[in-house]
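Trainee: Sequence:
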Amino acid sequence: MSKKRNLSNVIWYASENLSTIFFGLVSVFFVARFFGPENLGQLSLVQSTSALFMFLATLGLDHFIVRDLAKDRDNGRYIGSVMMAQFLGWLVYSACLILCLYWMGKLESMQMVIIVLFVLLTTLFTRATLGKLYFQATNQPRAIAASAMVSRIGALIYLGLAIYLGWSYEWVIAYLPLQALIQCAMLFWQYQKLSLISWRDWQVDTHQMLRTVKEATPALLSAAIFPIFMQSDVLIIAHLISNHAAGVYSAASKLIIQFNFVGPIITMTFYAALAQRLENHVEFAQMVGGMITIFFLLAFPVALITAIFSEQIIALLYGAKFTESAEALRVLAWVWLFVIPASLYSRLLIMRGQAKYELFKSVVVAVTSVSLNFALIPRFGIVAAAMSSVISYAIADFFIYGIFPATRDVFFIAVKSILNIFIMPQKAWQSVIYVVSTK
Numbered sequence: 001m002s003k004k005r006n007l008s009n010v011i012w013y014a015s016e017n018l019s020t021i022f023f024g025l026v027s028v029f030f031v032a033r034f035f036g037p038e039n040l041g042q043l044s045l046v047q048s049t050s051a052l053f054m055f056l057a058t059l060g061l062d063h064f065i066v067r068d069l070a071k072d073r074d075n076g077r078y079i080g081s082v083m084m085a086q087f088l089g090w091l092v093y094s095a096c097l098i099l100c101l102y103w104m105g106k107l108e109s110m111q112m113v114i115i116v117l118f119v120l121l122t123t124l125f126t127r128a129t130l131g132k133l134y135f136q137a138t139n140q141p142r143a144i145a146a147s148a149m150v151s152r153i154g155a156l157i158y159l160g161l162a163i164y165l166g167w168s169y170e171w172v173i174a175y176l177p178l179q180a181l182i183q184c185a186m187l188f189w190q191y192q193k194l195s196l197i198s199w200r201d202w203q204v205d206t207h208q209m210l211r212t213v214k215e216a217t218p219a220l221l222s223a224a225i226f227p228i229f230m231q232s233d234v235l236i237i238a239h240l241i242s243n244h245a246a247g248v249y250s251a252a253s254k255l256i257i258q259f260n261f262v263g264p265i266i267t268m269t270f271y272a273a274l275a276q277r278l279e280n281h282v283e284f285a286q287m288v289g290g291m292i293t294i295f296f297l298l299a300f301p302v303a304l305i306t307a308i309f310s311e312q313i314i315a316l317l318y319g320a321k322f323t324e325s326a327e328a329l330r331v332l333a334w335v336w337l338f339v340i341p342a343s344l345y346s347r348l349l350i351m352r353g354q355a356k357y358e359l360f361k362s363v364v365v366a367v368t369s370v371s372l373n374f375a376l377i378p379r380f381g382i383v384a385a386a387m388s389s390v391i392s393y394a395i396a397d398f399f400i401y402g403i404f405p406a407t408r409d410v411f412f413i414a415v416k417s418i419l420n421i422f423i424m425p426q427k428a429w430q431s432v433i434y435v436v437s438t439k
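Using the working numbering, read the sequence shown as starting at 1 and increasing by one per residue.
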């Protein structure tokens, strides 16, 4: 029964994220082909700047909300408090994004103003609400998948009509907030059906709000720093080279982002089983090792195939205007080896009360990434940015766990699990079976 339920949850989580891939690829395909690198670069610039301030909208609360709602899903006082905290955070986020882009001189055209407005609305509907977090906490992936697929189909219909009717670029990309609004509305409707309490029972408790934000402070600070290394490549390329170059690089990086869902799917599917084994060192190590084995077996073949066929992939999806993107994609593909297991490591830090290490990790990696980008991009162009990303992700989501004594056990479990794939494949396979069979 446990295998059947785990498989069912994986399928629903996968359905939601496969729709994310399809939606991301198709939408970027149309935008890139019809409007070119320059316009794609404008959107990427706004989205990258938005990501720098996203911590203000989320307040680093995501993992804590999932943890707390898993314990008490119908706590109206808690739900109301964290939603108010995130809404207030979204207001501050919006002000910071607008001021930053104004300071950069990027709000001189009405087109850019409208793009910024659409990005702000997208963030409001996707990140400044509980949204998917409630259904992740209650392990109801079906609700998430249904809302995702319906909203994305609706957004793609709008996108196709807008392009067919010859609308201008800024109105074409209104598909982004439209998709977010539809999904948010559907999740709210399903919440009303499934929850034992109504939205009218939500209450704002200032003390609860401050207490939750205070607990999440290390994750908040980490979330403030972490995007610096994740988004610095696009911003530095746009600053040092051009929006066109940023668009060419973004075409490759957006493909990488589409497949980052694999880690969260597996992590959320087996999160409860992992938490139950936290106090049993042997079973905990076996569980973590099996999950890391699964991550590697999925990530390595995909990265290898993408690197080999990068030119064909870019030509098929984007056309001749984006030929230079192939070099960046060839390098960026190896990011998957580190990004896919990242959600597991982050959840383990929260689960074990080690969130403070996220902050130190983010500071080290942000400094490394920005330094490498400024040093190498002027000399080697967008390929240097891709190399910097791989190095930064390797440090942030793997090697740095070997530095701290408190996290070193997980690091060695990961190293051993990867080695077992090559030198003891039977044992590696047994660890996978153990994970899949957990209750």
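Accuracy of the hints is not assured; some may be wrong.
To be verified - Taking lysine-lysine and the DSSO-like style, the derived pairs with C-alpha atoms no more than 30 Å apart in a straight line are:
(1) LYS106 <-> LYS214
(2) LYS321 <-> LYS254
(3) LYS214 <-> LYS321
(4) LYS416 <-> LYS356
(5) LYS106 <-> LYS321
(6) LYS193 <-> LYS356
(7) LYS416 <-> LYS427
(8) LYS254 <-> LYS71
(9) LYS356 <-> LYS71
Derived from the structure by calculation, the hints contain no laboratory data. Note that this is a predicted model, so its numbers are computed, not measured.
Trainee: Work down the list of hints and note, for each, if the structure agrees.
Mentor: These are the hints, each one checked on the structure:
About 35 Å separates the Cα atoms of LYS106 and LYS214, which puts this hinted pair outside 30 Å; it is violated. Simply put, LYS321 and LYS254 have alpha-carbon atoms about 16 Å apart, close enough for the 30 Å limit, and the pair holds. Simply put, LYS214 and LYS321 have alpha-carbon atoms about 48 Å apart, too far for the 30 Å limit, and the pair is violated. The suggested pairing of LYS416 with LYS356 holds, with an alpha-carbon distance near 25 Å, which does not exceed 30 Å.
With a C-alpha separation of about 24 Å, the suggested pairing of LYS106 with LYS321 holds against the 30 Å cut-off. Under the criterion of a C-alpha separation no larger than 30 Å, the hint pairing LYS193 with LYS356 is inconsistent with the structure, at around 38 Å. The suggested pairing of LYS416 with LYS427 holds, with an alpha-carbon distance near 11 Å, which does not exceed 30 Å. Restraint check for LYS254 and LYS71: the C-alpha separation of about 35 Å exceeds 30 Å, so the hint is violated.
A hinted pair counts as satisfied when its Cα atoms are at most 30 Å apart, and LYS356 with LYS71 qualifies at roughly 23 Å.
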